[in-house]
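Going line by line, the protein sequences match chains Z and E. Numbering (the numbering used here) for the first sequence: 1 to 178. Numbering (the numbering used here) for the second sequence: 1 to 361.
A couple of the hints might just be wrong.
[Unchecked claim] Output of the computed footprint for chain Z on chain E, the stretches with three or more beta carbons under 8 Å from beta carbons of chain Z:
| id | region |
| --- | --- |
| 1 | 120-129 |
| 2 | 138-146 |
[Stated by the list, open to error] Label pairs and their computed distance ranges (CB to CB):
| id | chain 1 | residue 1 | chain 2 | residue 2 | range |
| --- | --- | --- | --- | --- | --- |
| 3 | Z | L2 | E | A35 | 29 to 39 Å |
| 4 | E | I51 | Z | Q47 | 26 to 36 Å |
| 5 | Z | L94 | E | V350 | 50 to 60 Å |
| 6 | Z | V9 | E | I80 | 13 to 23 Å |
In case anyone wonders, no lab produced these hints; they're calculated from the structure. Using N, Cα and C, we set each Cβ at its ideal position, and we do this for glycine too.
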Amino acid sequence: MLTTAIFYVLSFVCILAALMTVTLSNPVSCALSLILCLACLAGLYAQLAAGYVAVLQILIYAGAIMVLFLFVVMLLNLSDEEAAEGRYDVIRGLKGLICFAFLVDLYVLVEVSLGGRIYGCPAPGLGSLEAIGELLFTRYMVSFEVISLLLTAAVVGVVLITRKGPASALAAGRGGSS
Amino acid sequence: MNIEYIAGIIKAVTIPVMALNSIPLLVWMERRGSAFIQNRHGPNRANIGPITLFGLLHPFADAIKCVFKEPFRPTKAHPIFYPLAPALVVVPALLTLAVVPLADHIFLMGAEIPMSVAELEYGIVYMFAVSSISVLGITLAGWASNNKFSLMGGLRSTAQMISYELSLGLSIFGALLVYGSLNPNEIARLQGETFFGVIPAWGVLMQPLGFLLFLIAAFAEANRNPFDLPEGESELVAGYHTEYGGMKFSMFMMGEYVAMVTLSALTVTLFFGGWQVPWVTTEALQATVGQPLRVLCQFLAFAGKTLFFCWLFIWVRWTLPRFRYDQLMRLGWKVILPLSIVNVFVTALVLLGLGWMKGTL
Chain Z
1 MLTTAIFYVL
11 SFVCILAALM
21 TVTLSNPVSC
31 ALSLILCLAC
41 LAGLYAQLAA
51 GYVAVLQILI
61 YAGAIMVLFL
71 FVVMLLNLSD
81 EEAAEGRYDV
91 IRGLKGLICF
101 AFLVDLYVLV
111 EVSLGGRIYG
121 CPAPGLGSLE
131 AIGELLFTRY
141 MVSFEVISLL
151 LTAAVVGVVL
161 ITRKGPASAL
171 AAGRGGSS
Chain E
1 MNIEYIAGII
11 KAVTIPVMAL
21 NSIPLLVWME
31 RRGSAFIQNR
41 HGPNRANIGP
51 ITLFGLLHPF
61 ADAIKCVFKE
71 PFRPTKAHPI
81 FYPLAPALVV
91 VPALLTLAVV
101 PLADHIFLMG
111 AEIPMSVAEL
121 EYGIVYMFAV
131 SSISVLGITL
141 AGWASNNKFS
151 LMGGLRSTAQ
161 MISYELSLGL
171 SIFGALLVYG
181 SLNPNEIARL
191 QGETFFGVIP
201 AWGVLMQPLG
211 FLLFLIAAFA
221 EANRNPFDLP
231 EGESELVAGY
241 HTEYGGMKFS
251 MFMMGEYVAM
261 VTLSALTVTL
271 FFGGWQVPWV
281 TTEALQATVG
291 QPLRVLCQFL
301 AFAGKTLFFC
311 WLFIWVRWTL
321 PRFRYDQLMR
331 LGWKVILPLS
341 IVNVFVTALV
351 LLGLGWMKGT
361 L
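Please model the complete structure; the sequences and the hints are all you need to start from.
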């Protein structure tokens, strides 16, 4: 009873926050709505007996990624007017259409391929610390390592792009102001 | 009603109240301590008639002042985020304490009850996850105040806390590898043994470098001197809380002090045996003095150790000068982070070697 009530509250706030993320005009409000949405999602994970996944969700998304998002948004300091410029142009319409197509796609996937069946709870202990650790170091080992390599490459690339000065200076180890 | 539910409710109420009550005490310690270090009297005037209690009445005067101040909001401040920001600093700091064990499990009416609000097998990760939320509060405070000094303070704080959160997490990896557990109570219990029968096997002896790195990162994470650049008053007025006053301002202070308590408790749990009374295991203590006294002894041991680290925070604040911003960043990224990674690597190698020795010999 209480569990069901909590589930509905979390789901409602989650969907509301997701809608606010895409509809609000102020970028900071959008970022904070997204954090609320992610926090509710963490609550839903916790309800699925995947407490560790919930904690990781908070740690990685709400705590690390969204803080960086906010940081960048504040540094750029977009005002409402700038963000609202060209509200009704063609590109925007196209974007909306693509998003709508995705939504329909998702609906079709769930309804047709699953045939409306509701799958039961995952196996007990699926979201536990041991289970995740074991999956990461056995089944998903290669993809895990590849992703970390990709991220490292991205970081190095960003440093290279943002550094001022010619490539020769970089090669000589005397990059511009850093 | 189940005894576990009742115990859970009692714990969920008492532990935050205890943390909140430690704030005035710490403020008093900070003021008297700073006066002691700087060879002056410190605040000792607040009185009720002839009673001054060594200045212990000052926190009460402060609280009354803050509560009765006009809740002022700058005209251009954000109407929702400006009051939300202080709450986002205090609440995570209090939530973090939920997994800190105050003593070993107690047995009551046939149930085994942990002495923390919730005992999670991934308690340490939970602490890091929740405490990372408080960065949002500070960043938001800087932005919502609509003041350039606040914004600068908020941005600095974000950069600083992201940088040091990484080191904070990595510096304890070595210790976690040694314990092989993420459960704070389990970690505290594992530190009950002794080396050669005389030295308590606390984490600090097994991970001296890890402890040092953790302590430095903890100071930066708590925004305390020598790393209190987000509110460096000589350049940023008061940083992210420039525009705050009254109770909203004191909520930032509360957040800072609760974070101090939490980080001290985490240090104690990870590196100083948690609730372990030195040289006495839970079973031995319980056999000698009985369960209620055993819990009291362990709680006092834990509280004493935590209070010592709170004092260390104060001690350092009034002894060391503030870092410059580029020095702070260089220290974080070029010294502490590489050293933490080396610490993890060496610890893993040693553990691997020990494992092989045990396996082959």
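The hints, checked one at a time:
1. 120-129: holds (count 7)
2. 138-146: With 4 residues in contact (Cβ-Cβ under 8 Å with chain Z), the coverage given for the region 138-146 of chain E holds.
3. L2/Z / A35/E: 29 to 39 Å: violated (51 Å)
4. I51/E / Q47/Z: 26 to 36 Å: Since the Cβ atoms of I51/E and Q47/Z sit about 52 Å apart, the hinted range of 26 to 36 Å is violated.
5. L94/Z / V350/E: 50 to 60 Å: holds (58 Å)
6. V9/Z / I80/E: 13 to 23 Å: Holds, at about 20 Å.
The structure fails hints 3 and 4 (numbered hints given earlier, in ascending order).
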